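Chains as they are written, first to last, in this note's numbering: chain A, 1 to 324; chain B, 1 to 294.
No wet-lab data here; the hints were simulated from the structure. Since the model is a prediction, treat every value here as computed from it, not as a measurement. For every residue, glycine included, the Cβ atom is placed at its ideal position computed from N, Cα and C. Be aware that a few hints might be false.
[Stated by the list, open to error] Computed list of lysine-lysine pairs in DSS-like fashion (alpha-carbon distance at most 30 Å, straight line): (1) A/Lys-57 x A/Lys-71; (2) A/Lys-57 x B/Lys-25; (3) A/Lys-299 x A/Lys-268; (4) A/Lys-169 x A/Lys-82; (5) B/Lys-25 x A/Lys-77; (6) B/Lys-63 x A/Lys-169; (7) A/Lys-16 x A/Lys-198; (8) A/Lys-16 x A/Lys-120; (9) A/Lys-120 x A/Lys-18; (10) B/Lys-68 x A/Lys-120; (11) A/Lys-77 x A/Lys-18; (12) A/Lys-71 x B/Lys-199; (13) A/Lys-36 x A/Lys-121; (14) A/Lys-82 x B/Lys-26; (15) A/Lys-71 x A/Lys-18; (16) A/Lys-82 x A/Lys-120; (17) B/Lys-199 x A/Lys-121; (18) A/Lys-9 x A/Lys-71; (19) A/Lys-318 x A/Lys-299; (20) A/Lys-285 x A/Lys-296; (21) A/Lys-18 x A/Lys-268.
[Claimed, not checked] Beyond 12 Å from chain B on every Cβ pair, some chain A residues (computed): (22) Met-81; (23) Lys-82; (24) Asp-94; (25) Ser-97; (26) Asp-100; (27) Lys-103; (28) Gln-196; (29) His-215.
Next come the chains, spelled out residue by residue.
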Amino acid sequence: MMDPILEVKNLTKHFKTKYGLLHAVDGIDLTLERGKTLGLVGESGCGKSTTGRLILKLIEPTTGQIIFDGKDITNYKNRAMKEIRRDMMFIFQDPYSSLDPRKTVSQIISEPIIANNILKKSSDIEDRVTELMTTVGLAERLYNTYPHELDGGRRQRIGIARAIAMEPKFIICDEPVSALDVSIQAQILNLLKELQRKLGLSYIFITHDLSVVNHFSDDIAVMYLGKIVERAPAEELFLNPLHPYTKALLSAIPVPELDVKMERILIKGEISSPINPGEECRFAKRCYFCQDICMKEPKLLEYSPQHFVACHRAEELKGLEGGL
Amino acid sequence: MFKKKSKVRASKKRSYMSELWRNYKKNPSAMIGLIIVVVIIIIAIFAQITLDYNQDIVQQNMKERLQKPSSEHIMGTDQYGRDVLVRVLYGAKYSLAVGIISVAISCLIGSSLGLIAGYYGGVIENLILRSTEVFMGIPSVLLAIAIMAAFGQSLFVLMLAIGLVYVPMFARTARAAVLPVRDEEYIEAARVSGVGDLKIIFSHILPNSLSPIIVQVTMGVANGILTASHLSFLGLGVPVPAPEWGAMLSGGREFIRDYSFLTFYPGFAIMITVLSFNLMGDGLRDATDPKLKQ
């Protein structure tokens, strides 16, 4: 916790719907150290993408504080935000809808450079775009092609080139590989890793796939229904999961060995509604270990150094392995 | 090396239009519409060059009034002895000018309003949409008459009046076209990249929502021509003695029993022009429909 590039404190986003308040993100705290990767894991609809958009202030938070690079950007408006956004970028999940179909590869990649007036001469811009394309592994001959002529992996490389064009300090990757084939997933992950080393980037890596985040993250935060239920260094989380939800998620990762028998913790039912959630633990309805105490919402507490968990029964369940 | 790149880029940029054209030319009725429109434009230009307005178009010749169609006057002559064919050909200029310029006015104002409404949403959208609804509640010809009455009668005011009447249609079309584009991720990506709202609207949203607007433009020309003829028929359009088709219809109205050709030919000219623009519009709509693309 020496030099955090990003700190998020008590970040909350409630959406008004006609059925009540939708608690998309409910008071989460995150810390990301410079040059590190924080994995944000959770199932669909748990608010992880909303969190990403909140941090970039694409949506205004309801309450909370976002401190980026030592500056509190929570109340920054257009002009000041534009300055800050040079240092924060976003890689989108869907490489098909995140690229304008009417723009060529070079136009897409050069967009942030032109919008921020970094380079003025068109030959300089062309040089820079070519350089960026080489960096992310796109052949120069694709300079004038349109996105629809390319496959998913190449398209995602375009998105990555656009994200690093401004040499940002921090990138939010919103499920950057979930729309890609497995073979291409590895390529893109390696590219992201390499860029992090070269450019000293810090990532927030949003995903629903724990096996992806394992190789990629320094810290992992597990989200459930707008809350962070467990946060720990990656290794610690995989060795010592405390929250029943984390245990269940981990048990679902396939092990590629013949003689290992998979013992899965199954979660019953489906994610409950984020609209007007009650007082109980958010996971209580699906939890196999639910007791009376779980009718009160647990706080995210430091269980062991750097390992935070929000479960009343974390201590009791510690020894329990999967299969129960 | 870079020169070569720019060249490639220029040739690639046209691909949207070339794709549109490839789809368009498969449609025979659309091609017929296009050919007729081109012919009408050529006629308008040639009539303007070769005919003298004072001598051929408006000079009266009472000796030859109300002659039936013959080899000398293919479409006959009107009550002032003027050749109907020459006047119909010369009149193409007015209809085209009114149609195109009024659509340009309404497209410019309407599409901008629609883009703003669709992009910003919320209060601005409500304000723009509700006021277009107020305008749409007034019959278009009545509204045009009111505008003509306020600003006086001239060709320019006619164009302006028709242009303003069709603003709401363009605003609604543009807004509807913007809505699906607005929530695309590449708009969000542009915002993250630091692109300003105005640039986003014109460089991302407009190109991606252009198809319905193009179709609306073509249909709008047909509507504009029709409305102009209405107004001229009512004596509010282009001032007499200009050979505007609607005005010619109106002039021939009294003689419709005995000399029906006086109303038939200008009416036919209006019909053909409107029909061909509509065929073009239909063809364009089909060509821009992504479901028809191979």
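| Given pair status - A/Lys-299, A/Lys-318, alpha carbons within 30 Å | 17 Å, holds
| task | Could you grab the alpha-carbon distance between A/Lys-16 and A/Lys-120 and see if it respects the 30 Å cut-off? | result | Given pair A/Lys-16, A/Lys-120 is violated - Cα atoms ~44 Å apart, limit 30 Å.
| said: Holds or violated: A/Lys-16 and A/Lys-198, Cα atoms, limit 30 Å. | reply: Distance ~43 Å between A/Lys-16 and A/Lys-198 Cα, so the pair is violated.
| query | Is the nearest Cβ of chain B still more than 12 Å from the Cβ of A/Lys-103? | reply | 8 Å, violated
| request: Would you check the hint for A/Lys-82 and A/Lys-120, treating anything up to 30 Å between C-alpha atoms as holding? | output: 18 Å, holds
| Far enough from chain B: is every CB of that chain over 12 Å from the CB of A/Asp-100? | Nearest chain B Cβ is 4 Å from A/Asp-100, so the label is violated.
| request: For the pair supplied as a hint, A/Lys-36 and A/Lys-121, confirm whether the alpha-carbon distance does not exceed 30 Å. | output: It is violated: about 35 Å lies between the C-alpha atoms, which goes past 30 Å.
| task | Verify that the Cβ of A/Gln-196 lies farther than 12 Å from every Cβ atom of chain B, and report whether the claim holds or is violated. | result | A/Gln-196 clear of chain B: closest Cβ-Cβ about 19 Å, beyond 12 Å.
| Minimum Cβ separation between A/His-215 and chain B greater than 12 Å? | Non-interface label on A/His-215 holds, nearest chain B Cβ at 26 Å vs cutoff 12 Å.
| message | Between the alpha carbons of A/Lys-169 and A/Lys-82, is the straight-line distance 30 Å or under? | response | Distance of about 15 Å is within 30 Å: holds.
| request: Decide if the proposed pair is consistent with the structure: B/Lys-63 and A/Lys-169, CA atoms, cutoff 30 Å inclusive. | output: 89 Å, violated
| request: For the pair supplied as a hint, A/Lys-299 and A/Lys-268, confirm whether the alpha-carbon distance does not exceed 30 Å. | output: 23 Å, holds
Going through the hint list in order, the structure does not satisfy hints 2, 5, 6, 7, 8, 9, 10, 13, 14, 15, 22, 23, 24, 25, 26, 27.
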